[in-house]
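Number of protein chains: 2
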Amino acid sequence: MIKLLATGASGFVGQALQRHLLAGKGGGVELCGVDDAYDLLDAAAMHALIARHRPDSVLHLAAQSHVPTAMQDPAGTLQVNVVGTANLLKALTDSGFVGRLLYVSSADVYGAVAEAALPVTEDTPPAPRNPYAASKVAAEVLCLQWQRSHGLDVVIARPFNHTGPGQRDDFALSGFARGIAAIALGLQPPQLRTGNLQVTRDFLDVQDVLDAYLTLLQKGHSGQIYNVCSGVECGLHEALQTLMDLAGVQVDVQVDASRLRPGEQLRMCGSHQKIRADTGWQPQRPLRETLQQLLQHWTQELTP
Amino acid sequence: MIKLLATGASGFVGQALQRHLLAGKGGGVELCGVDDAYDLLDAAAMHALIARHRPDSVLHLAAQSHVPTAMQDPAGTLQVNVVGTANLLKALTDSGFVGRLLYVSSADVYGAVAEAALPVTEDTPPAPRNPYAASKVAAEVLCLQWQRSHGLDVVIARPFNHTGPGQRDDFALSGFARGIAAIALGLQPPQLRTGNLQVTRDFLDVQDVLDAYLTLLQKGHSGQIYNVCSGVECGLHEALQTLMDLAGVQVDVQVDASRLRPGEQLRMCGSHQKIRADTGWQPQRPLRETLQQLLQHWTQELTP
Chain A
502 MIKLLATGAS GFVGQALQRH LLAGKGGGVE LCGVDDAYDL LDAAAMHALI ARHRPDSVLH
562 LAAQSHVPTA MQDPAGTLQV NVVGTANLLK ALTDSGFVGR LLYVSSADVY GAVAEAALPV
622 TEDTPPAPRN PYAASKVAAE VLCLQWQRSH GLDVVIARPF NHTGPGQRDD FALSGFARGI
682 AAIALGLQPP QLRTGNLQVT RDFLDVQDVL DAYLTLLQKG HSGQIYNVCS GVECGLHEAL
742 QTLMDLAGVQ VDVQVDASRL RPGEQLRMCG SHQKIRADTG WQPQRPLRET LQQLLQHWTQ
802 ELTP
Chain B
502 MIKLLATGAS GFVGQALQRH LLAGKGGGVE LCGVDDAYDL LDAAAMHALI ARHRPDSVLH
562 LAAQSHVPTA MQDPAGTLQV NVVGTANLLK ALTDSGFVGR LLYVSSADVY GAVAEAALPV
622 TEDTPPAPRN PYAASKVAAE VLCLQWQRSH GLDVVIARPF NHTGPGQRDD FALSGFARGI
682 AAIALGLQPP QLRTGNLQVT RDFLDVQDVL DAYLTLLQKG HSGQIYNVCS GVECGLHEAL
742 QTLMDLAGVQ VDVQVDASRL RPGEQLRMCG SHQKIRADTG WQPQRPLRET LQQLLQHWTQ
802 ELTP
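Protein chains in written order, with the numbering used here: chain A, 502 to 805; chain B, 502 to 805.
There could be a bad hint or two in this list.
[As the list claims (entries may be wrong)] Only some residues are given here: those of chain A computed to face chain B with a beta carbon under 10 Å: (1) Arg-520; (2) Ala-524; (3) Leu-579; (4) Val-584; (5) Ala-587; (6) Lys-591; (7) Pro-632; (8) Ala-634.
[Claimed, not checked] Label-pair restraints from in silico Cβ distances: (9) A:Arg-786 to B:Asp-537: 25 to 35 Å; (10) B:Ala-613 to A:Glu-734: 33 to 43 Å; (11) A:Gln-774 to B:Arg-555: 26 to 36 Å; (12) A:Gly-528 to B:Pro-626: 31 to 41 Å; (13) A:Gln-774 to B:Gln-719: 44 to 54 Å; (14) A:Glu-765 to B:Val-756: 55 to 65 Å; (15) A:Gln-774 to B:Arg-789: 52 to 62 Å.
Worth flagging that the hints you see were computed from the coordinates, not collected in a lab.
Since the structure is predicted, the reported quantities are computational estimates derived from the model, not experimental observations.
Backbone N, C-alpha and C define an ideal beta-carbon position, used for all residues, glycine too.
Input sequences plus hints: build the corresponding full structure.
In structure tokens, the structure reads:
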């Protein structure tokens, strides 16, 4: 068995990872340190964590990833996402760790991308538009510096949007599914307030994302950056319509201008050519199935 | 008069800036906040600093810039250089600052450069080899993100090696000059222990660097990155020989392997084509004169 330490194991992706591995989908990977409490900003605690578990591989998921919070508190976000990553890196090299670190960055690093540049490849220069995205670029730079300076085996993932049961409802598709489920249950009138539905995004099922991470830990090329994405450009309007069809409800949709983020990218889609070529990974789960699972999840949650 | 706030005013470059402006070389620039005590990590203090002086322009010099310290304490270096820069940026935009911020990065961001890529242009992708260099890339990314998100007028300088009277003697040329001065004064035997003298670097007089910063504040193109360098590749051996010639001493030179930094770049030289084309700046002071001034400085310092 490969002992994998995942930071941020209690977050949305971390919890999905725990279920994924419990369901036997990890191919010989077992998680360690899931129930440990630690603070990325406590260097001594990070050293102790690594020393206690001596992991074979590390998946660095933990981050302050809420963009509005990052805009209000850039310094706090950089602390957790950059200084915290430095503490993890130092703990790894100080402890003689010789395995692979998969750093989970974000497609947010690309910022505003010209439509002609879609689908975005990893060669597109990062141009972050908020402090969260800037912190992810900074941590990528730091991880790659650690590889140059210390020979640490580092791979970087840039996940695009992903969703699945358990995601908070302030993410678009989870929020839509919650609203539609509540309407189907008769808990609220058939009206939804949404952000800009003209926006397109590249959505993956979180389980495809987990498959990608586990594949990159084994087959990614060291020092490389990989988009983790569907390669499919999906309009939010289309996703919302699919949810309504699946639930069999008609909904009056009102666009709420206050939910439009300043400088928001209108269209977004990634290329997964590199990860497919280097590792063989490709997305397995159609978005319609993911949306169905989101509906089921929220229907269960909301059923009185 | 243009009110310029320079962070790090008590450092080597900051003190040289104060003398430069006192000597009337600033062309209508006056410094503010020179004697203020503040901590870049204290967000409230940074807000108060900006509110107190309401500067027209800001030169962000303050940093933890000692590479060996950065290797021992990466987290502390990222705190000051990245989180500290975030505090400054937020204080500026929160206060309605509409002037220009010149962020002083470093040629260290380039890391190891293939000899075929010399002289290095600004298009060379950063590849930092120590946490100090990584912190400088991260702060560049953050400044440019602030420009995209808030419209802040940002220019970035990447100074190469620079020296002048007042620089600490753990920098190569200042250390050489101190040793040669001590030998010329008969204070030590004619022996010097040095690092690798095969190394080449691109050296500027600190006054040329200050001219470049003041020029970039007025004429640099917003959102651009500029090398600040001589464009001349100078061997350390050659600089040491010039110092011996100027002092009229012969010295037994011993290379101390313990002073070789791991992964050190052998040859380094920058291109100043971009700053010349955009602003007209070019270096004015021959290295021989700078070395003469270093010798005079250390001779005065060491004369009993």
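Earlier hints that do not hold, by number: Failing hints, ascending: 1, 2, 9, 11.
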